[in-house]
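Q: Next come the chains, spelled out residue by residue.
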Amino acid sequence: RSALINRNHHIQARTKGLYQDDATAKIRLSHENQAVMKLYKDFAGKPLSPVSEELLHTKYVNRMKALS
Amino acid sequence: MNQETKTYRKGEIPGIIAINARECKGCDACKRFCPTGAITGMFGTTHRVDVDRCISCGQCLINCPFGAPYETVDPVDEVAAKLADKHVTVVGIIAPAVRVAIGEPFGMPAGSLVTGKMYSAMKKAGFVILDNNFAADLTIMEEGTEFIQRARHALFGEKAEHGGGIGPLPQFTSCCPAWVRFVETNYPALIPNLSSAKSPQQMAGAVAKTYGAAQVFNVAPESVYTVGIMPCTAKKFEASRPEFQSAWHFTKEKGGSAPSAPYPDIDAVLTTRDLARLLKKMKINLAAENDAEGGTLFAEYTGAGTIFGNTGGVMEAALRTAWVVLTGTPLSKIEFTAVRGLKGVKSAAVTLRDRKYGKEVTVKVAVVHDIRANIRPIVEEVMAGRSPYHFIEVMNCPGGCINGGGQPVCDTGSSWIGRVLPSFAWS
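Chains A and B, in that order, give the protein sequences. The opening residue of the first sequence carries number 1 in the working numbering; numbering runs sequentially from there. The opening residue of the second sequence carries number 69 in the working numbering; numbering runs sequentially from there.
Extracted from the complex, chain A is given alone in its bound form (with noise of 0.2 Å):
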């Protein structure tokens, strides 16, 4: 019990080591992030572009199928 305790502080802890890092960073809004930019300005073009869609998004797979 006392251990789960000890779990529990160490998820508190570093969820609030995250916040913290978000709190006091300069920019905070992903779209806003210029060398996120430059790659697509560079490279992919935008979001959902062809290039985007080829190296950034993925199809899943049923492996239900096999287990039944």
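Hints are computed from structural coordinates only; laboratory data are not their basis. It should be emphasised that the depicted structure is a prediction, and the values quoted were computed from it without experimental measurement. The reader is advised that the hints may include incorrect statements.
Within a straight-line C-alpha distance of at most 27 Å, the following computed DSS-like cross-link-like pairs (lysine-lysine) qualify [as the list claims (entries may be wrong)]:
| # | chain 1 | residue 1 | chain 2 | residue 2 |
| --- | --- | --- | --- | --- |
| 1 | B | 191 | B | 349 |
| 2 | A | 16 | B | 401 |
| 3 | B | 154 | B | 401 |
| 4 | B | 424 | A | 46 |
| 5 | B | 78 | A | 41 |
| 6 | B | 427 | B | 401 |
| 7 | B | 192 | A | 59 |
| 8 | B | 150 | B | 99 |
| 9 | B | 154 | B | 320 |
| 10 | A | 38 | B | 191 |
| 11 | A | 16 | B | 432 |
| 12 | A | 59 | B | 322 |
| 13 | A | 41 | B | 322 |
| 14 | A | 38 | B | 99 |
| 15 | B | 78 | A | 65 |
| 16 | A | 59 | B | 432 |
| 17 | B | 322 | A | 38 |
| 18 | B | 320 | B | 348 |
| 19 | B | 424 | A | 38 |
| 20 | B | 351 | B | 192 |
Let chain A serve as the given structure and place chain B on it in line with the hints.
A: Using the frame of chain A, we list chain B on its own:
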């Protein structure tokens, strides 16, 4: 095909987690944390992992009092050899949750945010930094745009720009490889609801070996060796999925030089624990490092990218960007606190004006973590066509990636529960 690997395709690693029979006492602790009932064996007898049910989340591993579950794949020596090879550009792709846990095995307090020390230690080891928070921001661009497209299609009948189909609502997030495999093995009817966006790790790998090789590292794609540094055991499985050779296919189609055998987008995955072992092996004390910058274009990230490691973080990051894109106005308050915290299922309704259609819409979102306890009612509702939500974030592990199966346990040990369990008969 081997009977035991029927839910795995050729090339995929069949089962990342196994149980060491010599250590297992049959205490059933693992069964209380397994989200899929994948652990078999009677109380008091040696337990086994049914790899076809297992989604590789590693929750059994971090919660076993005896340290019996282990990872079947240990790439530490291979990565060390690549780091020693001067002809190889070894790219370290660091997940958000690693920076608040990697300090622990070096004696720092739980939750210490050590991004700068981590960069310094990894650069000393020979890594080039690609912060996966950068790829998390990229994921928001793709997955957020996909969500807006699905929502406008459902509400206003908007068509896809490049033809092709548009997936249904609700859209599920797809960053968590344990959740993706859970859908594929338990609820394949919901596959169209999964965002088609790759996880940040897989986006990072594909970008590093195309645009990265050509314009950032200035090397041939085949000399780039990509290493996911992840709080997660399931990421080792994810990297082995055969569709994730997209950089090789892309390079070949564009007429670039490509070896005849395909290379993977991600070559190896180290858990946070693996990274600690690697650094210690190289005699690098992360706690003693000074803060360093990442030093590449790919080390640039935002606050939205970093919160991906917390339950609710992907949704919050997506809402921030979706709000601005849909309304064309800035956010008066950046934080969406309704999706934060450790409640099993969190929900929020955001009313905004879609400037393109001049209409007010209410976007209903839900956030689920700890699949074992919380997912069934949510997916059953979607299956029955009764879900009130438009967008649902799912992370397998309780608390999100910060408590992933690849994270350090008890600072140095193997279990949260400890070896003294007086309530069990054999102790």
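Q: Now tell me if each hint is right for this structure.
A: Taking the hints in turn, this is what the structure says about them:
no.	hint	verdict
1	B:191 / B:349	holds (15 Å)
2	A:16 / B:401	holds (19 Å)
3	B:154 / B:401	violated (48 Å)
4	B:424 / A:46	holds (18 Å)
5	B:78 / A:41	violated (37 Å)
6	B:427 / B:401	holds (22 Å)
7	B:192 / A:59	violated (37 Å)
8	B:150 / B:99	violated (38 Å)
9	B:154 / B:320	holds (25 Å)
10	A:38 / B:191	holds (24 Å)
11	A:16 / B:432	holds (26 Å)
12	A:59 / B:322	holds (22 Å)
13	A:41 / B:322	holds (19 Å)
14	A:38 / B:99	violated (47 Å)
15	B:78 / A:65	holds (16 Å)
16	A:59 / B:432	holds (25 Å)
17	B:322 / A:38	holds (21 Å)
18	B:320 / B:348	violated (39 Å)
19	B:424 / A:38	holds (25 Å)
20	B:351 / B:192	holds (10 Å)
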